[in-house]
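Keeping their order, the protein sequence lines are chains A and B. The opening residue of the first sequence carries number 1 in the numbering used here; numbering runs sequentially from there. The opening residue of the second sequence carries number 1 in the numbering used here; numbering runs sequentially from there.
Note that these hints are calculated values from the structure, not bench results. Fair warning: there could be bad hints in the mix.
Pair ranges (Cβ atoms, derived) [claimed, not checked]:
{"no.": "1", "chain 1": "B", "residue 1": "276", "chain 2": "A", "residue 2": "85", "range": "34 to 44 Å"}
{"no.": "2", "chain 1": "B", "residue 1": "277", "chain 2": "A", "residue 2": "42", "range": "33 to 43 Å"}
{"no.": "3", "chain 1": "A", "residue 1": "38", "chain 2": "B", "residue 2": "277", "range": "34 to 44 Å"}
{"no.": "4", "chain 1": "B", "residue 1": "134", "chain 2": "A", "residue 2": "11", "range": "14 to 24 Å"}
{"no.": "5", "chain 1": "B", "residue 1": "99", "chain 2": "A", "residue 2": "62", "range": "25 to 35 Å"}
{"no.": "6", "chain 1": "A", "residue 1": "102", "chain 2": "B", "residue 2": "162", "range": "46 to 56 Å"}
{"no.": "7", "chain 1": "A", "residue 1": "42", "chain 2": "B", "residue 2": "249", "range": "37 to 47 Å"}
{"no.": "8", "chain 1": "A", "residue 1": "38", "chain 2": "B", "residue 2": "191", "range": "29 to 39 Å"}
{"no.": "9", "chain 1": "B", "residue 1": "259", "chain 2": "A", "residue 2": "107", "range": "14 to 24 Å"}
{"no.": "10", "chain 1": "B", "residue 1": "151", "chain 2": "A", "residue 2": "9", "range": "54 to 64 Å"}
{"no.": "11", "chain 1": "A", "residue 1": "108", "chain 2": "B", "residue 2": "146", "range": "23 to 33 Å"}
{"no.": "12", "chain 1": "B", "residue 1": "65", "chain 2": "A", "residue 2": "37", "range": "22 to 32 Å"}
{"no.": "13", "chain 1": "B", "residue 1": "256", "chain 2": "A", "residue 2": "102", "range": "24 to 34 Å"}
Which bits of chain B does chain A cover? Going by a derived footprint, with three or more residues having C-beta under 8 Å, they are [claimed, not checked]:
{"no.": "14", "region": "52 to 64"}
{"no.": "15", "region": "72 to 80"}
{"no.": "16", "region": "164 to 172"}
{"no.": "17", "region": "198 to 212"}
Beyond 12 Å from chain B on every Cβ pair, some chain A residues (computed) [claimed, not checked]:
{"no.": "18", "residue": "68"}
{"no.": "19", "residue": "77"}
{"no.": "20", "residue": "103"}
{"no.": "21", "residue": "120"}
For glycine and all other residues, C-beta sits at the position ideal for the given N, C-alpha and C.
One-letter residues, chain by chain:
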Amino acid sequence: MDYKKEERDLLKAELVISHILRWGVIACGIILIAAWAMALYQGQYQPWTTFIGSDMAPATLSMATVFHRALAFDPNAMISLGLFLLIALPVTRVATTLVLFIMEQDYIFMALSAFVLMILIFSLTFGKAL
Amino acid sequence: METAFGIFGISIFAGGLGAIVGLGGGIIIIPALTLMFGINIRYAIGASIVSVIATSSGAAATYVRDHITNVRLAIFLEVATTFGAVFGALLSAYLKTDWLFILFAALLFHSAYIMWQRGRKSHLATSSGTAHSWATKLHLNSKYLDPHLGKDVHYLVEKVPLGFIYMLGAGLISGLLGIGSGVLKVLAMDSAMKLPIKASSATSNFMIGVTAAASAGAYYMRGDIVPQIAAPVAIGVMFGAWIGTKLMVRLPSKTIRNIFTVVLFVIAIQMALRGLRYGL
């Protein structure tokens, strides 16, 4: 009995995950296409050799700056933001499965999802430092 | 500006070919960007890894909805792949560029070999009929509804620890070289853990996105993901993959596979030469 309910809940959860993935990719795609088109149109397309090491590279900017510039319709910042959202998409997916396992009270998989989520966040926060 | 469209075009091609042949776009993108456009391999890897997230998430969405993906197994194995991926991403910062070329060449040779083997014999992984104890404890054994057969296919999962170790390797390669490692993941699930091929493909697709994100995060924060390169690559590959899946039904996959095997071999040699030359 318990296993059957577990099965049904997981099936419902899978639909949620599927939607997040599909619409997330579409949304990111739209942002990227729009931003890239803008970059080309505005001639903001500097060769990348001048980009790196300039103040445009996220390594030297904070995410907050990228965010603000994106809102100001700076095409390169918009692209950068779109790419960040794309990276955040699987992270969101893992967070969703974590929530679902919490609701399921499936402690083992709760721990596993949490662990994966921690690794992902670690990558985003400390990937630069090492 | 022409470079932008050149990159875009190559990415569409890579995405389409990847969708048709079942081998990732990254395998084509990175050699194309480095050998054809002279882009630094680190930026090529950065651009590729982001596009991997896009294509795999799109494909995964369909498989999950159709309940073919083994979500539990995916999450369990993702502990291994993400760990390997972060390690790979960090490691790649310390390796000299030549080494990245050489490792990539090794990967290409290996992929060409696998592609060749795929064409030659149908790899029927025979199940031993018993699940691994971990599989039972973690409810990893599952089933899926095969639309082709019209009924549920039940399967047991075997050799879980071995699969876990394979996934560490797959994650490491993914993070190090900027590819999806889908082929390695499917191999591990198919031959080691004895999943039916459709389940292992679907589950692999599901895992690729998360694995890629694990290393992409590091690359992004390091500034290795350059908007002017990554944008056309990501958009192109997504578009190409979409076209590819539409075309896949009509095209002679076997011929394409054979041609692709040869192409991979040639590219592998070129990447190896590139890595060796700069070392001299």
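Verification of the supplied hints:
no., hint, result
1, 276(B) <-> 85(A): 34 to 44 Å, "holds, 39 Å"
2, 277(B) <-> 42(A): 33 to 43 Å, "holds, 38 Å"
3, 38(A) <-> 277(B): 34 to 44 Å, "holds, 39 Å"
4, 134(B) <-> 11(A): 14 to 24 Å, "holds, 23 Å"
5, 99(B) <-> 62(A): 25 to 35 Å, "holds, 31 Å"
6, 102(A) <-> 162(B): 46 to 56 Å, "violated, 30 Å"
7, 42(A) <-> 249(B): 37 to 47 Å, "holds, 40 Å"
8, 38(A) <-> 191(B): 29 to 39 Å, "violated, 47 Å"
9, 259(B) <-> 107(A): 14 to 24 Å, "violated, 50 Å"
10, 151(B) <-> 9(A): 54 to 64 Å, "violated, 23 Å"
11, 108(A) <-> 146(B): 23 to 33 Å, "holds, 29 Å"
12, 65(B) <-> 37(A): 22 to 32 Å, "holds, 30 Å"
13, 256(B) <-> 102(A): 24 to 34 Å, "violated, 45 Å"
14, 52 to 64, "holds (count 8)"
15, 72 to 80, "holds (count 5)"
16, 164 to 172, "violated (count 0)"
17, 198 to 212, "holds (count 3)"
18, 68, "holds, 16 Å"
19, 77, "violated, 8 Å"
20, 103, "holds, 15 Å"
21, 120, "violated, 6 Å"
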